[in-house]
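Residue numbers (this note's numbering), protein chains in the order written: chain A, 8 to 329; chain B, 8 to 329.
No lab work stands behind these hints, which were simulated from the structure alone.
Honestly, I wouldn't trust all of these hints.
Any copy, or any two copies together, can satisfy a pair, since identical chains are not distinguished.
[To be verified] Here are the computed lysine-lysine pairs in the DSS-like style, where the Cα-Cα straight-line distance is at most 27 Å: (1) Lys240 - Lys267; (2) Lys104 - Lys240; (3) Lys311 - Lys274; (4) Lys128 - Lys302; (5) Lys104 - Lys274; (6) Lys240 - Lys105; (7) Lys48 - Lys255; (8) Lys302 - Lys63; (9) Lys10 - Lys274.
Quick caveat, the model's predicted, so the values are computed rather than measured.
Listed below are the residues making up each chain.
There are 2 protein chains.
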Amino acid sequence: MNKLYSEILARVEVEIKGIELPKTPTNLYDPIRYIMGLGGKRVRPVLTLLGNQLYKGNYEDAIHHAMAVEMFHNFTLVHDDVMDSADVRRGLPTVHKKWSSNIALLSGDGMLVAAYSLLQKTSPETFSRTARIFSDTALEVCEGQQLDMDFSELDSISMEDYLGMIRQKTAVLLSGSLKIGAVVGGADDQDLPNLEAFAESLGLAFQVKDDYLDAFGSSEFGKVLGGDIMEGKRTWLTVKSLELLGGKGSQRLHEAYAIKDFDDRVKEVLMIYRELNIDKLAQQQVQEYSDIAQKSLAKMRGDKDAIETLSWLVDQLIGRTI
Amino acid sequence: MNKLYSEILARVEVEIKGIELPKTPTNLYDPIRYIMGLGGKRVRPVLTLLGNQLYKGNYEDAIHHAMAVEMFHNFTLVHDDVMDSADVRRGLPTVHKKWSSNIALLSGDGMLVAAYSLLQKTSPETFSRTARIFSDTALEVCEGQQLDMDFSELDSISMEDYLGMIRQKTAVLLSGSLKIGAVVGGADDQDLPNLEAFAESLGLAFQVKDDYLDAFGSSEFGKVLGGDIMEGKRTWLTVKSLELLGGKGSQRLHEAYAIKDFDDRVKEVLMIYRELNIDKLAQQQVQEYSDIAQKSLAKMRGDKDAIETLSWLVDQLIGRTI
């Protein structure tokens, strides 16, 4: 593993464990401790600290901002799980399952407020700049989630609409996390577009890879393949398939998705995907976004160690097999 | 009606109508326009503008902050209505009833973010001070709502706990609204405790009066009396009754609340209230809080017109009959 990355990740985990929240009401704050402690890749706070290191040569100054973006990310997980009626998150019960929907709703609200409070642990000038990025990002994430729900009611959507949706739902938060760290480190506004291009491409590569892995990944760590197919979820794979099959041909995919038996449904959908070379096309798309990310990185000035680590991170996220 | 008050109220309504929100996704932004347009007393934004006038002699500078607190208040209404499964708000369908719970959840989230964005339409220094008050207030409101839900599971709670809960759920937002306006107007930190004492007492008076009116108010404008009793809601009246009835005696109130027929239940509960003089005790409590508010006001320095209007507002809110 990359040295700077593991150092930063360890720092993030320590900070999350030490995060200060009131004790009571326990039904408001226990769920926050629970979801924050569930683990995860912590990509967003790591990006914040790397963004800071890029400009300042150290990462410690942005630790509260890193916590703010992780708190925000976990807020979206808690509310999204309510909206999706998801029972399990990282192998454990979701907040609304373990407590109740009302508690999930309210502790999620509390997390969004807490994220702003964390963001404010800095000078007024820095808070003002990072809060601007944070609020703009947060509203885009809400828009992305709404589009995701809207699209699920439609028979088909264009690839452009799908990519626009995952950009808002996933990529802009990676971008916001990096930019916030960079601003804390002293980045100028003119530095931000390139950071944005890098992180949004990384985010898109990451999400398409995620869609790919759900159907074609490795099941060696006990992961159930085809979960998205069982849930009837729209992914890059379904959107691309419908595009290739065209109006009338798309009937075949809809019929496959209508199969009641989960095993049969997954088998049939995967067969269509393979016929259409969807696996290779998805890998290509991931590679294209990854290339854009690396090109943006090549133009980046700043701490070499941070740049190398960001480059390593791209390779990790697109090269992963689970 | 008070001249400054009606001027400010008219300004608030104009600003709410002109509030800028993106058009799409419509399922995210239409519910925000809908709930903001539903009306209401607009007490919170009016307090913000009066707080500003108090120190600056004009109110216009705090207009975005006034919108921020009204946006936050409406966010709490949207999420509270989901939690309470309430179908009607101000005589019209609630957001989750008109759209869906998921849309109410998400557009509520968007409103909380939008509130911070509105708050930021000012200098970094002012934003930093007002955001501190705003976040602290918002977290207290979440705590108050959680306590309200927690208490509803209990057989009885103490008057101290009940008052603590309504302080957090209702009074601190009135206080936060006034303080934010005052800070924009140039108030020092040392001015804030007295503003807080004033607005929190006003909020407590307002809430106890609300509880009183639901049982003993006028039905001349078509308002259904006893709604809280029908819903089995805990109010100042129930808490006080249980306190007076004591352990064994409280059985009588629980039995009255168990009556299935709504008319009979309301009749029986009101009879117990009257026997215990709850109506007069509630009026006394309202008067006590109102006196504290007026005393805090007497100590306040600043624009005379604003102080007079705040005093008038206290009398209005505690003197109202619906």
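- prompt: When no copy is specified for Lys240 and Lys105, does a C-alpha distance of 27 Å or less occur within a copy, between copies, both, or neither?
  reply: both (24 Å within a copy, 26 Å between copies)
message: At most 27 Å between CA atoms: does that hold for Lys10 and Lys274 within a copy, between copies, both, or neither?
response: For Lys10 and Lys274, neither the intra-copy (41 Å) nor the inter-copy (73 Å) Cα distance is at most 27 Å.
query: From the Cα coordinates, with 27 Å as the cut-off, is the pair Lys128 and Lys302 best called within, between, both, or neither?
result: Neither. Shortest intra-copy (34 Å) and inter-copy (36 Å) distances fail the 27 Å Cα cut-off.
message: If the cut is 27 Å between Cα atoms, do Lys104 and Lys240 qualify within a copy, between copies, both or neither?
response: both (21 Å within a copy, 26 Å between copies)
Intra- versus inter-subunit Cα pairing at 27 Å for Lys104 with Lys274: Cα proximity of Lys104 and Lys274: none, with 30 Å in one copy and 39 Å across.
message: If the cut is 27 Å between Cα atoms, do Lys302 and Lys63 qualify within a copy, between copies, both or neither?
response: within (22 Å within a copy, 53 Å between copies)
- prompt: Given a CA cutoff of 27 Å, do Lys240 and Lys267 count as a within-copy pair, a between-copy pair, both, or neither?
  reply: within (15 Å within a copy, 45 Å between copies)
- prompt: Between the shortest in-copy and the shortest cross-copy C-alpha distance, which are at most 27 Å for Lys311 and Lys274: within, between, both, or neither?
  reply: neither (47 Å within a copy, 77 Å between copies)
message: Please sort Lys48 with Lys255 into within, between, both or neither, judging by C-alpha distance up to 27 Å.
response: neither (41 Å within a copy, 56 Å between copies)
In summary, the numbered hints that this structure violates are 3, 4, 5, 7 and 9.
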